[in-house]
Amino acid sequence: MDLKLSPEVIARLKRIGNATLVNDDTFSKLVECCGSTITQSELSSDITSLCTGSAKGDLLKEAHGALLSLIVEAVRHDFASEPLHLFLEKKMNWPKARCLKLCGEYSNNFPKIRAVLSSVGFHPPHIVDVQWHLNQCIKSSSNEHSSAPLVSIQLDTEGLEGSHGQSSVKFMCTLPELQDLTSKLKEALRQIERVAQLNHV
Amino acid sequence: MFSMSEEHRAHLSPLFDQSPQLLQDFCRLALDFLKKGPNLKLYGSAGQKLQLEVNVIQLTVEALVQLIIKCRRLNLSKSDFRDLVLTSGFNEEQEVILSEFYESNQEIVDSALSTLSPTLMHYQDLEWRFDIQVASRALLRQTVPVLTMKLTFQEKPCTGENSNRSSLLLQTDPNNLKHMIKKLDDALLEASSQHSRRLQRIFK
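Those protein sequences? They're chains A and B, same order as listed.
The first sequence runs 1 to 201 under our numbering.
The second sequence runs 202 to 405 under our numbering.
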């Protein structure tokens with residue numbers, strides 16, 4: 001399996017290995033930057049502060065971009081740090097210390113970057129919680145005696161674009177309807193658990 | 202118990218001296234009204250048979266419907282209904298027919314009444330499929346379990362045949378599914394709890 005990197009990115013990566021263009025201190029700051037850029041965590045070192053005032057601002061920005069491409073592509077392909085180390089040392093001609101530094105950062109941030117990448121894309125609204133309340137109708141404009149209880153249900157979701165920006169689905173259930181709904185969900189869960197057990201055997 | 206207005210009584214009065222057979226025919230007309238609305242054609246032929254004006258027949262049927270609906274709205278007991286019918290001018294033989302009509306058609310009356318109450322979106326059906334997301338553009342190797350659900354809703358009480366339906370595609374993961382089931386089970390449990398059973402008894 002090969003990393004798919006454009007010729008420009010490869011040229012820039014090769015330049016990063018060059019100690020006369022990027023000194024050791026800048027290199028380690030650059031590498032730390034990449035991790036925080038992708039995971040969008042608040043870290044002291046970010047690329048703008050690194051570039052401002054530096055004579056090599058443009059070069060650093062290019063280098064930052066190239067490193068981002070490399071890391072994202074490697075995580076995308078589920079690269080372990082050893083093959084990455086090999087790739088940098090043999091193909092990009094990086095000094096060993098720099099390969100180690102980058103691979104160290106890479107494996108530290110790997111789970112976080114994976115999480116970020118897995119959330120890129122589209123999917124139906126994802127249910128994350130459910131609210132309910134149980135109502136007993138005592139009287140109404142058309143009926144002066146009480147009727148069967150009703151349950152209002154609200155499904156809280158992530159990613160639902162409602163007309164008023166709401167992110168939940170609201171509906172009513174009579175008790176038999178709610179029983180039907182939960183029994184269908186339970187059936188789904190049973191099937192999922194069966195599949196999960198099959199995998200363990 | 203409600204007291205019948207003079208006008209209502211007057212509209213019912215053509216029934217007072219009719220035979221049980223004819224009263225049953227009127228009950229059938231009232232039932233037809235509850236199910237499908239007024240039917241002037243039927244009233245026309247009934248009018249010819251009884252030598253009465255069509256609008257008299259119509260008023261009588263409507264008064265009968267009104268009687269049943271009002272009693273049902275107030276949830277009158279069998280004996281209260283009996284008292285009301287007897288005091289308004291029906292004889293005992295007719296009371297038996299009307300009581301039987303009142304008792305046996307409560308469901309139809311309720312569904313006619315419920316068309317007047319505000320309609321709400323009700324859960325109707327759930328279809329699901331279980332997938333494992335294997336890869337995406339941004340991340341090639343993954344195993345993410347996903348339960349995709351299609352929820353169908355329907356407006357209830359339904360008004361006529363063109364009831365409003367809608368459906369929605371949602372997804373969730375096994376952990377959230379477990380959580381959802383637990384919370385919904387809580388709701389079901391609460392519905393049969395002592396507290397809510399007590400309330401149901403009080404307001405019955």
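Worth flagging that the hints you see were computed from the coordinates, not collected in a lab.
Incorrect hints may appear among the rest.
Examples of chain A residues toward chain B, derived with CB under 7 angstroms [as the list claims (entries may be wrong)]:
1) N23
2) D25
3) Q136
4) T182
Selected chain A positions facing chain B (in silico; Cβ < 10 angstroms) [unchecked claim]:
5) E8
6) I47
7) T48
8) E82
In silico DSS-like links for lysine-lysine, alpha-carbon gap of 25 angstroms or less [said to hold, decoys possible]:
9) A:K101 with A:K91
10) B:K271 with A:K139
11) B:K236 with A:K184
12) A:K139 with B:K383
13) A:K112 with A:K4
14) A:K186 with B:K271
15) A:K4 with A:K96
16) B:K236 with A:K170
17) A:K184 with B:K405
18) A:K184 with B:K271
19) A:K170 with B:K351
20) A:K184 with B:K379
The structure presented is a predicted model; accordingly, all values stated were derived computationally and were not measured.
Where a beta carbon is used, it is the ideal one built from N, C-alpha and C, also for glycine.
Results for each hint:
no.: 1; hint: N23; verdict: 33 angstroms, violated
no.: 2; hint: D25; verdict: 32 angstroms, violated
no.: 3; hint: Q136; verdict: 6 angstroms, holds
no.: 4; hint: T182; verdict: 5 angstroms, holds
no.: 5; hint: E8; verdict: 21 angstroms, violated
no.: 6; hint: I47; verdict: 22 angstroms, violated
no.: 7; hint: T48; verdict: 25 angstroms, violated
no.: 8; hint: E82; verdict: 17 angstroms, violated
no.: 9; hint: A:K101 with A:K91; verdict: 17 angstroms, holds
no.: 10; hint: B:K271 with A:K139; verdict: 14 angstroms, holds
no.: 11; hint: B:K236 with A:K184; verdict: 34 angstroms, violated
no.: 12; hint: A:K139 with B:K383; verdict: 31 angstroms, violated
no.: 13; hint: A:K112 with A:K4; verdict: 22 angstroms, holds
no.: 14; hint: A:K186 with B:K271; verdict: 43 angstroms, violated
no.: 15; hint: A:K4 with A:K96; verdict: 23 angstroms, holds
no.: 16; hint: B:K236 with A:K170; verdict: 31 angstroms, violated
no.: 17; hint: A:K184 with B:K405; verdict: 31 angstroms, violated
no.: 18; hint: A:K184 with B:K271; verdict: 40 angstroms, violated
no.: 19; hint: A:K170 with B:K351; verdict: 15 angstroms, holds
no.: 20; hint: A:K184 with B:K379; verdict: 12 angstroms, holds
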